[in-house]
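Heads up: the protein sequence lines correspond to chains A and B, in order. Numbering of the first sequence is given in our numbering, commencing with residue 1 and proceeding in unit increments. Numbering of the second sequence is given in our numbering, commencing with residue 1 and proceeding in unit increments.
The set of hints was computed from the structure by calculation and includes no laboratory data. Heads up, the beta-carbon is just placed ideally off N, CA and C, and yes, glycines get one too. Be a bit skeptical, because a hint or two may be false.
[To be verified] Computed, partial: chain B to chain A, Cβ under 10 Å:
no.: 1; residue: GLY3
no.: 2; residue: ASN31
no.: 3; residue: TYR35
no.: 4; residue: ARG37
no.: 5; residue: LYS41
no.: 6; residue: HIS48
no.: 7; residue: PHE91
no.: 8; residue: ALA93
no.: 9; residue: TYR103
no.: 10; residue: GLN105
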Amino acid sequence: AQTVTQSQPEMSVQEAETVTLSCTYDTSESDYYLFWYKQPPSRQMILVIRQEAYKQQNATENRFSVNFQKAAKSFSLKISDSQLGDAAMYFCAYTGTYKYIFGTGTRLKVLA
Amino acid sequence: EAGVTQFPSHSVIEKGQTVTLRCDPISGHDNLYWYRRVMGKEIKFLLHFVKESKQDESGMPNNRFLAERTGGTYSTLKVQPAELEDSGVYFCASSPIWTVPTYEQYFGPGTRLTVT
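Work out the full structure: start from the sequences and follow the hints.
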């Protein structure tokens with residue numbers, strides 16, 4: 001069975017600094033998708049970034065980028081130039097078909 | 001375009017009572033999913049509808065949970081009778097039938113269920 005592990009329950013970052021959130025997963029599938037979702041306080045989850053497993057190039061969306069290491073089954077999220085609005089719960093998710101397998105989440109605090 | 005909506009946002013019920021959660025997906029989204037997050041743990045898949053048909057209900061905890069999606073539009077998740085361990089946040093998500101798969105799901109804000 002597939003699993004997703006986020007080993008950092010909470011992280012803090014100074015405004016304008018860079019932070020990396022860790023995610024590892026386990027699967028025997030070769031074709032799958034990985035996601036980072038962000039859930040701000042009392043708001044719904046929104047997609048931050050997506051990575052297709054067949055793509056070697058790491059995905060990037062503005063200040064957000066991933067370090068996808070397929071052999072190591074690692075999928076970390078780097079947030080550059082952190083902003084106060086980045087404070088949220090971040091969930092790493094895996095899917096091979098339709099249903100998502102989530103990690104336990106990392107709460108990111110951004111310090112002014 | 002309206003997002004996924006869920007009702008109620010919070011529900012507090014006593015053990016043994018019945019609660020019905022509602023999810024309205026994004027218009028035109030044939031896929032609808034229910035997930036649950038128990039405090040401090042991962043978000044777990046409950047079930048997946050394609051239109052009005054249950055495609056995968058492997059995550060449903062037990063037969064106290066009943067999900068329906070009449071007419072392939074909104075969905076309800078009924079818990080009867082509720083137990084203490086049913087407390088958590090219930091998320092609904094929807095997605096279209098992709099012509100080019102992206103597997104992105106659009107989530108609602110969740111319903112926080114507290115069973116006392």
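Now the hints, each set against the structure:
no.: 1; hint: GLY3; verdict: holds, 7 Å
no.: 2; hint: ASN31; verdict: holds, 7 Å
no.: 3; hint: TYR35; verdict: holds, 7 Å
no.: 4; hint: ARG37; verdict: holds, 8 Å
no.: 5; hint: LYS41; verdict: holds, 6 Å
no.: 6; hint: HIS48; verdict: holds, 6 Å
no.: 7; hint: PHE91; verdict: holds, 7 Å
no.: 8; hint: ALA93; verdict: holds, 8 Å
no.: 9; hint: TYR103; verdict: holds, 5 Å
no.: 10; hint: GLN105; verdict: holds, 7 Å
Going through the hint list in order, the structure satisfies each hint without exception.
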